[in-house]
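**Q** Residue numbers (this note's numbering), protein chains in the order written: chain A, 1 to 293; chain B, 1001 to 1303.
FYI, nobody ran anything at the bench for these hints, they're computed from the structure. Hints may be right or wrong, so weigh each one.
[Stated by the list, open to error] 30 Å max Cα-Cα, derived DSS-like pairs, lysine-lysine:
id, chain 1, residue 1, chain 2, residue 2
1, A, 194, B, 1264
2, B, 1071, B, 1264
3, A, 194, A, 117
4, B, 1009, A, 117
Note that the structure is a prediction, hence the values are computed from the model and not measured.
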Amino acid sequence: MSIAEPVASIERAPPSKEKPGPLEYLRRWPLQAIVGATLIFLYAPLITLMAFSFNTSRRNIVWEGFTFDWYGRAMSDDSLVQAFINSLTIALICTVVSVVLGAMSAVLLWRFRFPGKTALEGSLALPIVVPEICMGVAMLVFFARIFPWPAGMPWPLNLGAITIAHISFSFPFVTTVVRARLASFNRELEEAAKDLGADEWRTFWDVLVPHMTPGLVSGALLAFTLSLDDFVITFFTAGPDTITFPVKVYSMLRFSVTPEVNAASTILIVVTILFTAIGLQLQSQSEKQKPNP
Amino acid sequence: MEQSWRQAKAVFASMGVPPVFWLVFFFLVPLAVVWAYSFGTNAGPTTIDLTGTFANYSRSLQPLYFQIFIKSAIVAGITTLLCLIVGFPVALAIAFAGPKTKTWLLLLIMLPFWTNLLIRTYALIAVLREQGYVNFTVEWFWNNASGLMTAVGLQPLGDFHPMTLLYNNAAVVIGLVYVHLPFMVLPLYSALDRMDRSLMEASLDLGAGHLRTIWSVVVPLAAPGIASGVLITFIPALGAYLTPDLLGGTDSQMIANVIERQFKRANDWPFGAALSFLLMYLTFIAIAIQAVVQRRGEKVGAA
């Protein structure tokens, strides 16, 4: 006679409606109140901002009626549209370059032993921890004195200085994310591919890159958001003709709070949420496709 | 096992050169130039002599600027404390929620984090200004209370004067908490989520109340998470530029605002460079303290 696994019978009792279990903190009212208040604190300002972009009143205070006028006005403001396009262009270039540089440095640190590795790891952590303002002034000084970006370049090229600054603070984040992903890679797979005759290049693309993909996607998402979000560092590298959306909104705010700003902000919020949702979707797909042992 | 770089020099070089070049040329060189400038003196409107002087640093320690450093640290400290007080119960509730609720709550906490910082600050201005919703709500209660008092035959409360919620130090703290709360909640959540729950159950079974269990079981176990949450909130709050600039009054400047002024309006780059390096050293000190706390916490956890 065996003692038939008694553990299995001690199933956790289904949570009763009346009394929360000892550790079900979310079902206790003080915590519910705190969580609720926090969410209101986080969302009420943003929701009001978005709601009032549809308000007919210019004064932004009382609700008078529904309109799309402010969106029309925001779209016909050439400098605002240009700033918006600039921001998206910079974010896209920054994402591509950051993912490439981040992936390379992650593979380098993961695969090799070499003198100066600790120094490299430390320097890669620097852009993540250095205060934004310090990095902003460093970029200002660099592009003013050491490496002046040629003035009067045609459109996407005139954004070079801002884009370079954005890549500098984004790609170490990608490195961190991709390196964490590589930690779960089984090095024997790489050796197997080489034993079966694949060269370095082939092994890299067919074995290592597919494994890195979820890391690359979340790194790309991070780089895109960081670039689109940045105000301080851009503020120090932007010239009069190279204005990004946050810098433009900042100068509009200095004058007055108008519903156009609300409309433009709403568009940016929606764009960010859209990209994030797509990114998260891609990420969960690539994780499903490649179940990792 | 990691490979020695000598075994595949071509791969090593092709993987290593682009990122290392970028990091050195577009990050370390700019920082090094600022560092060199911090030992320089203004020789003309656009020329700086690298004289190796410490004058910029000694000027930073004058009471006027030293006070701003102290004040920034205090503001960042209060922000971190408030984030911890609000964030801990939120993280606790999320960590112990059902799997579906947990995903949604985490998403809700992270969503504002993906929204532009400037837009969030602007949204806060619209809510807090004198003709904003906080004042409207208070006014509504005030008028109703006033009406009620007249109805029961008391003196009415008098006219409502909107509260000044913006352009002062309190507004800066509110703004910083608003912006940095997700930074605190996420590391706290991941620490609480990994915790061994049977220890809490044991504590509750042995008769300790919930508050006592949280204080003497959960907090010590989650100490590394609390330490990293504190650091990840304190560092950006210390160097905040936008929030004090937009929400603060004339007396709520923080270090970042002073640095910005040296590089733009005041055009005193060497002094600005010295201030930014002092801010950077403060950041590194905070990181070092956190590393020590973390190591001690791990030792206690292992014992």
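**Q** None of the hints should be skipped; say for each whether it holds.
**A** Each hint, compared with the structure:
no. : hint            : in the structure
1   : A:194 x B:1264  : violated, 57 Å
2   : B:1071 x B:1264 : holds, 22 Å
3   : A:194 x A:117   : holds, 26 Å
4   : B:1009 x A:117  : holds, 15 Å
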